[in-house]
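Start from the sequences and build out the full structure, keeping to the hints where you can.
For the record, the sequence lines run as chains A, B, C and D. The opening position of the first sequence corresponds to residue 1 in the numbering used here, with each subsequent residue numbered one higher. The opening position of the second sequence corresponds to residue 1001 in the numbering used here, with each subsequent residue numbered one higher. The opening position of the third sequence corresponds to residue 2001 in the numbering used here, with each subsequent residue numbered one higher. The opening position of the fourth sequence corresponds to residue 3001 in the numbering used here, with each subsequent residue numbered one higher.
Since the hints were derived computationally from the structure, they do not count as laboratory data. Errors might be hidden in some of the hints.
Said to hold, decoys possible - In the DSSO-like style, the derived pairs of lysine-lysine whose C-alpha atoms are separated by at most 27 Å in a straight line are:
| hint | chain 1 | residue 1 | chain 2 | residue 2 |
| --- | --- | --- | --- | --- |
| 1 | A | Lys280 | D | Lys3037 |
| 2 | D | Lys3187 | D | Lys3105 |
| 3 | C | Lys2251 | B | Lys1280 |
| 4 | D | Lys3140 | D | Lys3082 |
| 5 | B | Lys1313 | D | Lys3082 |
| 6 | C | Lys2029 | A | Lys293 |
| 7 | C | Lys2035 | B | Lys1280 |
| 8 | C | Lys2159 | C | Lys2149 |
| 9 | B | Lys1184 | A | Lys144 |
Bear in mind the structure is a predicted one, so any value in this text is a computation, not a measurement.
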Amino acid sequence: MHRRLKRIHEQYNDLLSVSLAGLQLRNPTMLASGFLGISQDVFNRLYRMGAGGIVSKSISIEPIEGYRNPTVFSLEESSYINAVGLANPGAEAFSREIASNRNVPIIVSLVGSSDNEFPSMIKKFDGLNILGYEINLSCPHVAKMGMEVGDDPEMVCAIIKKIKSNTHKPIIIKVGIGSVDVVKIAQVAKDAGADAITAINTIRAMAIDIETMMPILNNRIGGLSGKSIKPVGVRSVYEISKNLGIPVIGCGGIFTWEDAVEFMLAGASAVQLGSVIGYKGLSAFTTITKGIKKYLERKGLKSAMEIVGLAHKY
Amino acid sequence: MHRRLKRIHEQYNDLLSVSLAGLQLRNPTMLASGFLGISQDVFNRLYRMGAGGIVSKSISIEPIEGYRNPTVFSLEESSYINAVGLANPGAEAFSREIASNRNVPIIVSLVGSSDNEFPSMIKKFDGLNILGYEINLSCPHVAKMGMEVGDDPEMVCAIIKKIKSNTHKPIIIKVGIGSVDVVKIAQVAKDAGADAITAINTIRAMAIDIETMMPILNNRIGGLSGKSIKPVGVRSVYEISKNLGIPVIGCGGIFTWEDAVEFMLAGASAVQLGSVIGYKGLSAFTTITKGIKKYLERKGLKSAMEIVGLAHKY
Amino acid sequence: MPTNIDRIRSIVIEQIIEETPTVKTFVFKDEISSKAKPGQFLMVWIPRVEELPMSVMVSDKKGYAAITIRKHGFGSTALFNKRLGDLLGVRGPYGNQFKIDKESKKALLVGGGTGLVPLMRLTITLNQLNIDTTVIIGAKSKEEMFFEKQANDFLDKTKHNVIISTEDGTYGVRGYATDVMSIIVNKDKFDTVYTCGPELMMKKVVDIGLANSLSIQASLERYMKCGVGICASCCIGDQLVCKDGTVFNEKQLSTMIDFGRMYRDKSGRKVNFHM
Amino acid sequence: MPTNIDRIRSIVIEQIIEETPTVKTFVFKDEISSKAKPGQFLMVWIPRVEELPMSVMVSDKKGYAAITIRKHGFGSTALFNKRLGDLLGVRGPYGNQFKIDKESKKALLVGGGTGLVPLMRLTITLNQLNIDTTVIIGAKSKEEMFFEKQANDFLDKTKHNVIISTEDGTYGVRGYATDVMSIIVNKDKFDTVYTCGPELMMKKVVDIGLANSLSIQASLERYMKCGVGICASCCIGDQLVCKDGTVFNEKQLSTMIDFGRMYRDKSGRKVNFHM
Ligand SMILES: Cc1cc2nc3c(=O)[nH]c(=O)nc-3n(C[C@H](O)[C@H](O)[C@H](O)COP(=O)(O)OP(=O)(O)OC[C@H]3O[C@@H](n4cnc5c(N)ncnc54)[C@H](O)[C@@H]3O)c2cc1C
Ligand SMILES: Cc1cc2nc3c(=O)[nH]c(=O)nc-3n(C[C@H](O)[C@H](O)[C@H](O)COP(=O)(O)OP(=O)(O)OC[C@H]3O[C@@H](n4cnc5c(N)ncnc54)[C@H](O)[C@@H]3O)c2cc1C
Ligand SMILES: Cc1cc2nc3c(=O)[nH]c(=O)nc-3n(C[C@H](O)[C@H](O)[C@H](O)COP(=O)(O)O)c2cc1C
Ligand SMILES: Cc1cc2nc3c(=O)[nH]c(=O)nc-3n(C[C@H](O)[C@H](O)[C@H](O)COP(=O)(O)O)c2cc1C
Ligand code: FES
Ligand code: FES
Chain A
1 MHRRLKRIHE
11 QYNDLLSVSL
21 AGLQLRNPTM
31 LASGFLGISQ
41 DVFNRLYRMG
51 AGGIVSKSIS
61 IEPIEGYRNP
71 TVFSLEESSY
81 INAVGLANPG
91 AEAFSREIAS
101 NRNVPIIVSL
111 VGSSDNEFPS
121 MIKKFDGLNI
131 LGYEINLSCP
141 HVAKMGMEVG
151 DDPEMVCAII
161 KKIKSNTHKP
171 IIIKVGIGSV
181 DVVKIAQVAK
191 DAGADAITAI
201 NTIRAMAIDI
211 ETMMPILNNR
221 IGGLSGKSIK
231 PVGVRSVYEI
241 SKNLGIPVIG
251 CGGIFTWEDA
261 VEFMLAGASA
271 VQLGSVIGYK
281 GLSAFTTITK
291 GIKKYLERKG
301 LKSAMEIVGL
311 AHKY
Chain B
1001 MHRRLKRIHE
1011 QYNDLLSVSL
1021 AGLQLRNPTM
1031 LASGFLGISQ
1041 DVFNRLYRMG
1051 AGGIVSKSIS
1061 IEPIEGYRNP
1071 TVFSLEESSY
1081 INAVGLANPG
1091 AEAFSREIAS
1101 NRNVPIIVSL
1111 VGSSDNEFPS
1121 MIKKFDGLNI
1131 LGYEINLSCP
1141 HVAKMGMEVG
1151 DDPEMVCAII
1161 KKIKSNTHKP
1171 IIIKVGIGSV
1181 DVVKIAQVAK
1191 DAGADAITAI
1201 NTIRAMAIDI
1211 ETMMPILNNR
1221 IGGLSGKSIK
1231 PVGVRSVYEI
1241 SKNLGIPVIG
1251 CGGIFTWEDA
1261 VEFMLAGASA
1271 VQLGSVIGYK
1281 GLSAFTTITK
1291 GIKKYLERKG
1301 LKSAMEIVGL
1311 AHKY
Chain C
2001 MPTNIDRIRS
2011 IVIEQIIEET
2021 PTVKTFVFKD
2031 EISSKAKPGQ
2041 FLMVWIPRVE
2051 ELPMSVMVSD
2061 KKGYAAITIR
2071 KHGFGSTALF
2081 NKRLGDLLGV
2091 RGPYGNQFKI
2101 DKESKKALLV
2111 GGGTGLVPLM
2121 RLTITLNQLN
2131 IDTTVIIGAK
2141 SKEEMFFEKQ
2151 ANDFLDKTKH
2161 NVIISTEDGT
2171 YGVRGYATDV
2181 MSIIVNKDKF
2191 DTVYTCGPEL
2201 MMKKVVDIGL
2211 ANSLSIQASL
2221 ERYMKCGVGI
2231 CASCCIGDQL
2241 VCKDGTVFNE
2251 KQLSTMIDFG
2261 RMYRDKSGRK
2271 VNFHM
Chain D
3001 MPTNIDRIRS
3011 IVIEQIIEET
3021 PTVKTFVFKD
3031 EISSKAKPGQ
3041 FLMVWIPRVE
3051 ELPMSVMVSD
3061 KKGYAAITIR
3071 KHGFGSTALF
3081 NKRLGDLLGV
3091 RGPYGNQFKI
3101 DKESKKALLV
3111 GGGTGLVPLM
3121 RLTITLNQLN
3131 IDTTVIIGAK
3141 SKEEMFFEKQ
3151 ANDFLDKTKH
3161 NVIISTEDGT
3171 YGVRGYATDV
3181 MSIIVNKDKF
3191 DTVYTCGPEL
3201 MMKKVVDIGL
3211 ANSLSIQASL
3221 ERYMKCGVGI
3231 CASCCIGDQL
3241 VCKDGTVFNE
3251 KQLSTMIDFG
3261 RMYRDKSGRK
3271 VNFHM
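Rendered as structure tokens:
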């Protein structure tokens, strides 16, 4: 193992490592899907920077070019609106991309418009050095993919069952604020055999430029991420975790170690960092992990797992 | 008429006045429900400060004490989370409160848990000097009221029909981000006879204090308002207005005249100000109205109505 | 630590002073609260129980502030029972402050119960400005009287006079604070009266003040939810006590028809003060 | 006007300069862009059409900046066809900048096409630092050559030499800019070579530079979506061109195995440069 990696491992292991749904992570911070998620070289760098786990960009069976730019832009409030259109290199090219992966804890995010698309994708990835899959059922701005699937309980159930029968690796279902209650969809996912839930994806949103009077995103409507959605993320994690008892990975506007701790108290066993990377760079992984560590020490705790869901009792 | 009021009227009339669903407002800014919404004296003051219309706190058939404090608190991002629990003086006391109203353009917000509760409330208000009603079907944190009603299309339909058969005044339906698509609920409302839609209410959210590890709100879960939700509000207004062609009142994180214009371009005939009042005070009405005026002049337009929905064509 | 005063800040009770059997002062470290102006209040979060508006009491430690709690009903009793090391949350300080006329020569302070808290912060300023100050502290009995020593200490550098009145006569003058006020405003030439305490007491102070053409500054209390001027639960007339107040002057007070008569309960209904 | 560089700022095209039949410079007022560093770029929004990364060109008016557009495909053609008074949006400037060694005595700039834009901003700094500067401008033909005058003007206060090379020999030296470079690095002692232009040209510049032990600063172009380091569409190896770049030095460049060989298309797949 790379020297620096080894040092990070040892340093963090006892206090910070978390396990959920059969995944062992050296610390609770993961890269959120869609951020820097297409290059093995970048994954290696992220791992060196301290990421506990890495979720790839959502991969579809065929390559997708996505929408024209603007596909993502920033708001004053440390938030983004994006409609990338699930641009991704496709399962074939991406499996080649990560074929050389050795010790980076990669979780492959998959997206599809019907249960039949998943087995052939799984086949390409299952033999590689990856931890498991995250299934994106919650992209709010691509027709017939993501949220349109996630808002259809029967489809959710069918997809999970199909995937489960094609792999032994853990599968995580990523949910969001669509037009079916997030707890209800998580329940459907749990019943169908999901090992964990990631909550939440971006929230359907838009912005209009008042000078040209035109929508900014090429796709007009996109998804809101970043600080703005944090309280909605915390609520979703709290409700899913408290009501269903399934392991949850928190996501949505986590910018500081305090945010990460808040999600963990709400019930998240791990947290995903997305938008923060645009505002604070890759060092967010180190800063947040260090902050969590100090907090745990100050509170006299022996493991990050101890704070997961603590807010449920009040 | 009060001298100052008269001056405000004349000054704004041509360029800034808007009409929607039979309502005539001297300018497009309205007070959002739940903000300063229980006192006739305060309504008079708001009107002097330039508000174009005033929506009362949501009134129920009986008085409600609401939840214990903390019921509302502020986030760094110019946003609030609140779970007031629909505290209100009840229809009887509130109808006495506003019985003396002369020329303040008051819209009474009503909330109830079944269609049967509305006729008796309407009876108390219909003879008073008020413009119409806003029906709150979207409070995200009170069981059996608000969102739980708004998420039930049949109930929405029944309530609107019942109200329509009891009053000739315009009725506005306030919708939000619940677990039925906001456009779908607006469609149901329109079909049932609603004259306009207000979008959006707060979004279900929560915050946990990391030192005590406890949820902050007494009700644990509340609703997110303010800057954070603006892009979700703009999107909702855009989708409802573009798809249904019903008059829409925009609400959600409007802090500046630019925000107000953005909502109007998305399709709002008027805008409601809520959280901004906590951060900028009552003068927000004047500042925002002035800004809209300058914008219209700069763009060479003759009426605020001209910009409503302009973004739809792109 | 957030610098935004609206965020809830975690604080630790570092010292507890028992003022009377039903009144305690909690001292805590909080830079922002330590800079509160006289008349301002904090919203104090008692985790999972309540959040209550509380005037900001002075602490002699730099960077520290305090709250003085009278054990009363549900929330205040839970707060009163907190112990050293317990966590609370605070946001604020909110509201305006007592205005001191630079020309002022002779100030009269009339307070009762925890209404004395904002007056204590005020004595510090009056002391700095070297204004001759008389403080009337009203209490039911000797046992319930507090802040006499603090008032004298805080006014050490200026001419001052601290008068105690108890209803049962167990300490100081027998009677109400307003009885004392009636007497001394005739003897002495005060320019401004500052008051905080039970509203019916303040109503009397204002009546006496108006009758004697004094400038008046009264810090009012109303039921508060938000503390930041959005809910109107604290309104009196068209004024928001949390934002336009808590301190109002004689002009404002004399047009407030509900002052000393009616307040709004948690639902927003107007109710009469129990007399 | 937002001061946050990430917000889209509305700008108006106030002046259009036709550099060649296929290259135009648009001048606009924008305080933030006017302060861009050499090597930085803007994300330029062509409403309802596209958003493209564009290097920031210099304007001589205070508070103004410019972009120089080569008409190419879908987005750039729409941009090229914009008129005086039309609205665009910009965000940024983004990216790092050319680093100038304070010890540097003699700089060589090699550019082609709109790759000259960041080099123009650089000449201004070199001029201020009084560094002896040679600029090689490569173009297909005389008709497609631009910025010769600007280069000479911007370098007016320092010793300089602007060399033109055209592939068809219609102006200046016949051949590629890199041919000229090969010759002059043998004759003269340069310490640093700065380059921006087509990647295959830059690859050659880097090879020649490395062979001659020069310091190298190359500004790369990759497909960009976000411009702020979140999407990785611009990555080369583990570097994000929008954030870690656009300027890389000889050490970084020599380990980039994809430099001059492969780039990622809009879907993120790696594809070969068409040779
Ligand atoms: C600006 C301001 C400053 C104050 N400063 C102090 C202080 O320094 N020390 C102190 O002990 N008390 C202070 N109070 C009073 C305090 O906020 C509480 O009202 C009091 O402690 C009773 O609370 P409870 O929970 O025991 O009452 P409850 O048993 O819940 O109710 C009894 C009564 O207390 C009052 N009350 C309850 N909650 C609130 C609230 N959120 N806002 C206002 N009144 C409320 C109401 O009149 C209510 O009818 C202040 C109030 C205000 C408005
Ligand atoms: C840092 C940087 C600075 C640049 N500066 C300038 C400049 O000053 N002047 C100038 O004319 N051009 C500049 N470009 C190139 C410009 O962004 C466009 O690539 C070019 O104008 C072609 O756009 P198109 O819409 O015509 O291409 P299309 O017809 O859409 O596609 C043709 C090719 O253009 C490139 N391209 C398209 N979109 C992008 C994009 N979003 N990001 C990067 N490349 C893209 C791709 O290689 C694509 O294959 C710069 C690019 C980068 C990365
Ligand atoms: C530009 C961009 C691209 C994204 N792409 C994906 C994706 O491909 N799959 C997915 O599940 N989520 C995607 N997301 C959502 C994020 O993974 C995450 O759920 C969301 O951004 C909220 O987290 P944040 O606030 O920390 O950014 C994307 C978000 C952004 C901003
Ligand atoms: C403290 C508070 C109380 C509210 N009460 C009501 C209410 O009674 N009825 C209602 O329809 N909306 C209520 N709302 C929602 C607002 O009317 C508005 O929809 C929401 O705050 C979004 O607008 P804003 O971002 O401008 O605040 C309340 C919001 C807050 C913050
Ligand atoms: S307490 Fe809410 S307005 Fe004063
Ligand atoms: S353009 Fe998105 S990371 Fe560089």
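Against the structure, the hints come out as follows:
Our distance criterion of 27 Å between C-alpha atoms is met by Lys280(A) and Lys3037(D), whose separation comes to about 21 Å. Pair hint Lys3187(D) plus Lys3105(D) holds up; C-alpha atoms about 15 Å apart against a cutoff of 27 Å. A hinted pair counts as satisfied when its Cα atoms are at most 27 Å apart, and Lys2251(C) with Lys1280(B) qualifies at roughly 26 Å. A C-alpha spacing of about 25 Å is found between Lys3140(D) and Lys3082(D), which places the hinted pair at or below 27 Å, so the restraint holds.
With a C-alpha separation of about 20 Å, the suggested pairing of Lys1313(B) with Lys3082(D) holds against the 27 Å cut-off. Restraint check for Lys2029(C) and Lys293(A): satisfied, since their Cα atoms lie roughly 24 Å apart, inside the 27 Å limit. Pair hint Lys2035(C) plus Lys1280(B) holds up; C-alpha atoms about 22 Å apart against a cutoff of 27 Å. Note on Lys2159(C) and Lys2149(C): the hinted pairing holds, with a Cα-Cα distance of about 15 Å set against a maximum of 27 Å.
For the hint linking Lys1184(B) to Lys144(A), the alpha-carbon distance of about 18 Å falls within 27 Å, and the restraint holds.
Violated hints are absent here; each numbered hint is respected by the structure.
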